[in-house]
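Sequences are here, hints too, so could you generate the full structure?
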Amino acid sequence: MMRPCLGRCSRRRRRRWPGGAVAPGDPARASGCIGEIMPSSGHRLRDVEHHPLLIENDNYDSSSSSSSEADAADRVWFIHDGCGMICAVMTWLLVVYADFVVTFVMLLPSKDFWYSVVNGVIFNCLAVLALSSHLRTMLTDPGAVPRGNATKEYMESLQLKPGEVIYKCPKCCCIKPERAHHCSICKRCIRKMDHHCPWVNNCVGEKNQRFFVLFTMYIALSSVHALILCGLQFISCVRGQWTECSDFSPPITVILLIFLCLEGLLFFTFTAVMFGTQIHSICNDETEIERLKSEEPTWERRLRWEGMKSVFGGPPSLLWINPFVGFRFRRLQMRPRKGGPEFSV
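At position 313 of the sequence shown the residue is numbered 313 (UniProt numbering), and the sequence of numbers has no breaks.
The reader is advised that the hints may include incorrect statements.
What the hints assert, rightly or not - Straight-line alpha carbon distances no greater than 20 Å define the calculated SDA-like cross-link-like pairs of lysine to any residue that follow:
| no. | residue 1 | residue 2 |
| --- | --- | --- |
| 1 | Lys-171 | Cys-183 |
| 2 | Lys-171 | Ile-289 |
| 3 | Lys-207 | Phe-275 |
| 4 | Lys-111 | Phe-234 |
| 5 | Lys-207 | Lys-111 |
| 6 | Lys-161 | Pro-177 |
| 7 | Lys-207 | Arg-304 |
| 8 | Lys-207 | Phe-324 |
| 9 | Lys-207 | Val-76 |
| 10 | Lys-207 | Asn-322 |
| 11 | Lys-207 | Trp-305 |
| 12 | Lys-207 | His-182 |
| 13 | Lys-207 | Lys-309 |
| 14 | Lys-309 | Glu-286 |
| 15 | Lys-187 | Lys-309 |
| 16 | Lys-187 | Pro-198 |
| 17 | Lys-171 | Ile-185 |
| 18 | Lys-207 | Leu-131 |
| 19 | Lys-111 | Gly-240 |
| 20 | Lys-187 | Gly-148 |
Don't read these hints as lab results, they were simulated from the structure.
Here is the structure:
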């Protein structure tokens, strides 16, 4: 199936080399656009030959070539999506609500000092780790391919041979590396894109998957802890006096505990399933999109522990469960961008 070049080049008939590469002197080559012979969508990845320099040079961006690498490292990724921002704020509010009920309704009125201290420290630590993981997932670049890098200069740097085929995304005008997919919400191609999660207002991809896994794990653990505390609180109030087991009135206490139980059940179910699917995907080196599309692997898979080490970094250690690894303060400088919903600070 012949696919036309989606640039500003001439649309008249072009000469092509075997494999769909653009011939020298072609107007498409002169304008920096790419013409390809596209296979069917179901066989695309297994038939494409990705050039090795795509991995080495995929950070090239002609629109920001004058920016220094240190300046680019200071940017914080954020997606300006209304639905995603609402879901992210709701996530924080629900965690804060759970912390309020656990601390002020159940633990502080308790007569057992050490029971309140130990459970209060555990729950608040889990909540802080969960929200920190959420922030790292939301504000970390998931592995976006530079937009607009399908230029004449970049194509010449790849030193393509006759018959080699590379692919250009017509939506963000970039050369797609292997295993990259375009996200319609982020408006970018994302390396090893697993899915777009509105609850973290970001894609889950190559660079932030570990933080998403930690987020689901800590939310599941804090939900289990909250459910256990709710059960103990109901037992304590039923055996004793409702007016003595909480500083709130009995009806308010019952309503707050019921809502916390429902929240804990929903959060635990959702995050436990997501945690399991993420670990399964990492151990099989297969993203959710690749699994749903039944794409044949054209890459060398890293199975089980090799996949875990590639995502979490290094051999098993306590650093795997630390969401603050690699964190550093970035300077706050507004950097508006055109043509996309994300901005950097």
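Results for each hint:
no. : hint               : verdict
1   : Lys-171 to Cys-183 : holds, 10 Å
2   : Lys-171 to Ile-289 : holds, 18 Å
3   : Lys-207 to Phe-275 : holds, 17 Å
4   : Lys-111 to Phe-234 : holds, 15 Å
5   : Lys-207 to Lys-111 : violated, 46 Å
6   : Lys-161 to Pro-177 : holds, 17 Å
7   : Lys-207 to Arg-304 : holds, 18 Å
8   : Lys-207 to Phe-324 : holds, 14 Å
9   : Lys-207 to Val-76  : holds, 13 Å
10  : Lys-207 to Asn-322 : holds, 15 Å
11  : Lys-207 to Trp-305 : holds, 18 Å
12  : Lys-207 to His-182 : holds, 16 Å
13  : Lys-207 to Lys-309 : holds, 13 Å
14  : Lys-309 to Glu-286 : holds, 15 Å
15  : Lys-187 to Lys-309 : violated, 29 Å
16  : Lys-187 to Pro-198 : holds, 14 Å
17  : Lys-171 to Ile-185 : holds, 12 Å
18  : Lys-207 to Leu-131 : holds, 18 Å
19  : Lys-111 to Gly-240 : holds, 12 Å
20  : Lys-187 to Gly-148 : holds, 12 Å
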